[in-house]
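Chains as they are written, first to last, in my numbering: chain V, 861 to 1062; chain L, 861 to 1062.
Because the hints were derived from the structure by calculation, they are not lab data. Wrong hints could be hidden among the right ones.
[As the list claims (entries may be wrong)] Below are the EDC-like pairs computed for lysine to aspartate or glutamate, each with C-alpha atoms no more than 20 Å apart in a straight line:
no., chain 1, residue 1, chain 2, residue 2
1, V, Lys1057, L, Glu999
2, L, Lys1052, V, Asp1028
3, V, Lys863, V, Glu999
4, V, Lys1016, V, Glu1049
5, L, Lys863, L, Glu999
6, V, Lys1016, V, Glu999
7, L, Lys862, L, Asp956
8, V, Lys1042, L, Glu1049
9, V, Lys1057, L, Asp1022
10, L, Lys877, L, Glu1049
11, L, Lys1057, V, Glu1014
12, L, Lys1057, V, Asp1022
13, V, Lys1042, L, Glu1014
14, V, Lys974, L, Asp1022
15, V, Lys1009, V, Asp1022
16, V, Lys1016, V, Asp956
17, L, Lys863, V, Asp1022
18, V, Lys953, V, Asp1028
19, L, Lys1042, L, Asp956
20, V, Lys1052, L, Glu999
21, L, Lys1042, V, Glu883
22, V, Lys1052, L, Glu1031
23, V, Lys1042, L, Glu1029
[To be verified] Pairwise CB distance ranges (calculated):
no., chain 1, residue 1, chain 2, residue 2, range
24, L, Glu1029, V, Ala972, 55 to 61 Å
25, V, Asn1035, L, Glu975, 55 to 61 Å
26, L, Asn890, V, Asp1028, 39 to 45 Å
27, V, Ala987, L, Lys921, 36 to 42 Å
Glycine residues also receive a C-beta, built at the ideal position from the N, C-alpha and C atoms.
Number of protein chains: 2
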Amino acid sequence: MKKGNLYVVSAPSGCGKGTILAEILKKNTNLFLSVSATTRCPREGEVDGVNYYYISEEEFKSEIESGGMLEYAQYCGNFYGTPKKKVLEKLNKGIDVILEIETIGAMQVKEAMKEAVLIFILPPSVAELRRRLNKRGTEEQEVIDIRVKEAVEEIKRAVNYDYVMMNDELENAINDFEAILKASKLTIENNKNMIGKVLENA
Amino acid sequence: MKKGNLYVVSAPSGCGKGTILAEILKKNTNLFLSVSATTRCPREGEVDGVNYYYISEEEFKSEIESGGMLEYAQYCGNFYGTPKKKVLEKLNKGIDVILEIETIGAMQVKEAMKEAVLIFILPPSVAELRRRLNKRGTEEQEVIDIRVKEAVEEIKRAVNYDYVMMNDELENAINDFEAILKASKLTIENNKNMIGKVLENA
């Protein structure tokens, strides 16, 4: 059976990544969104196994040591990572998997699995990103400053991705994302078997 | 200004390449289909500059010597090739160019222009290809045998392409082709400038 594709999606906070992925997942039933593990406590409304798998630092570290994490990073004193087992299970069943992770983790995944397709979602500009974050009105100016600074660092790492797309207009962004998914299924790396099949009994 | 993309499309006779390209060109106004040059005589109904540029063998050879051909091949005693000048002109104006050429020429283009995107259109099977050629009813069995043999050789070279897509259902094939066009505009190679622009004044 043909293995699924692994997609890694990164975007700074405020780029509409969540909205794009929700639409994509609605339309594509052969896509599985991986759930990350974290050592931070669940926030109100968050559900174990939906938003994150909430595990202890001991469990997390033991997973790292046994090679159970595809990627991980420490952020504000907590660990975040992608449990490898479920991802590989899905891929082996021919299901495509999306990891929604930050840029450092993305580089680890590319290192471990060269065939992973890395997609970076850009804001139209850093100024626009700041405007969007301000508009939410949920955070202090200081926090927004930090987020913008982080965003700039993440955007700089977009050069290491396979695809970059801009979320300027949501509908266009969704179309771009779908084109990347579709085209990445048509690469020669994914279809050497198909050529053999066409030539069968020739 | 951002340069256009160069696409090379190959498919054995009977794979519906012409129909797919006609639809794609209708929908995409920023695409230019390159017209090849040939030393063979125009057939009835063919128009110079539309089907081919009809030139003499002397002219053709002098173009080869002066480096004016992006690729060329000899076939049944005649030369066929892609005049380089027009292609480069369009690319430099930001227009995407499609070359509809056979596999040997495609390899020459990839050699000369690494950034070219090579797309191979497969038939569902060689048996189906034979069926389609028979259905046309315009050719002797012997000629069909030769075409099928050529098709097999061409399909074997599809492993050197960037993308392979199957023309099983026309509508799907057109969608696949469009996804490849769109996604190839979103690769990091084509968008390093965009990252710089997003970061401007950050």
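Status of each hint after checking the structure:
no. : hint                             : in the structure
1   : V:Lys1057 / L:Glu999             : 27 Å, violated
2   : L:Lys1052 / V:Asp1028            : 17 Å, holds
3   : V:Lys863 / V:Glu999              : 42 Å, violated
4   : V:Lys1016 / V:Glu1049            : 28 Å, violated
5   : L:Lys863 / L:Glu999              : 42 Å, violated
6   : V:Lys1016 / V:Glu999             : 24 Å, violated
7   : L:Lys862 / L:Asp956              : 11 Å, holds
8   : V:Lys1042 / L:Glu1049            : 19 Å, holds
9   : V:Lys1057 / L:Asp1022            : 18 Å, holds
10  : L:Lys877 / L:Glu1049             : 27 Å, violated
11  : L:Lys1057 / V:Glu1014            : 15 Å, holds
12  : L:Lys1057 / V:Asp1022            : 18 Å, holds
13  : V:Lys1042 / L:Glu1014            : 24 Å, violated
14  : V:Lys974 / L:Asp1022             : 17 Å, holds
15  : V:Lys1009 / V:Asp1022            : 23 Å, violated
16  : V:Lys1016 / V:Asp956             : 27 Å, violated
17  : L:Lys863 / V:Asp1022             : 19 Å, holds
18  : V:Lys953 / V:Asp1028             : 35 Å, violated
19  : L:Lys1042 / L:Asp956             : 11 Å, holds
20  : V:Lys1052 / L:Glu999             : 32 Å, violated
21  : L:Lys1042 / V:Glu883             : 19 Å, holds
22  : V:Lys1052 / L:Glu1031            : 23 Å, violated
23  : V:Lys1042 / L:Glu1029            : 16 Å, holds
24  : L:Glu1029 / V:Ala972: 55 to 61 Å : 37 Å, violated
25  : V:Asn1035 / L:Glu975: 55 to 61 Å : 23 Å, violated
26  : L:Asn890 / V:Asp1028: 39 to 45 Å : 18 Å, violated
27  : V:Ala987 / L:Lys921: 36 to 42 Å  : 57 Å, violated
The earlier numbered hints that this structure contradicts are 1, 3, 4, 5, 6, 10, 13, 15, 16, 18, 20, 22, 24, 25, 26 and 27.
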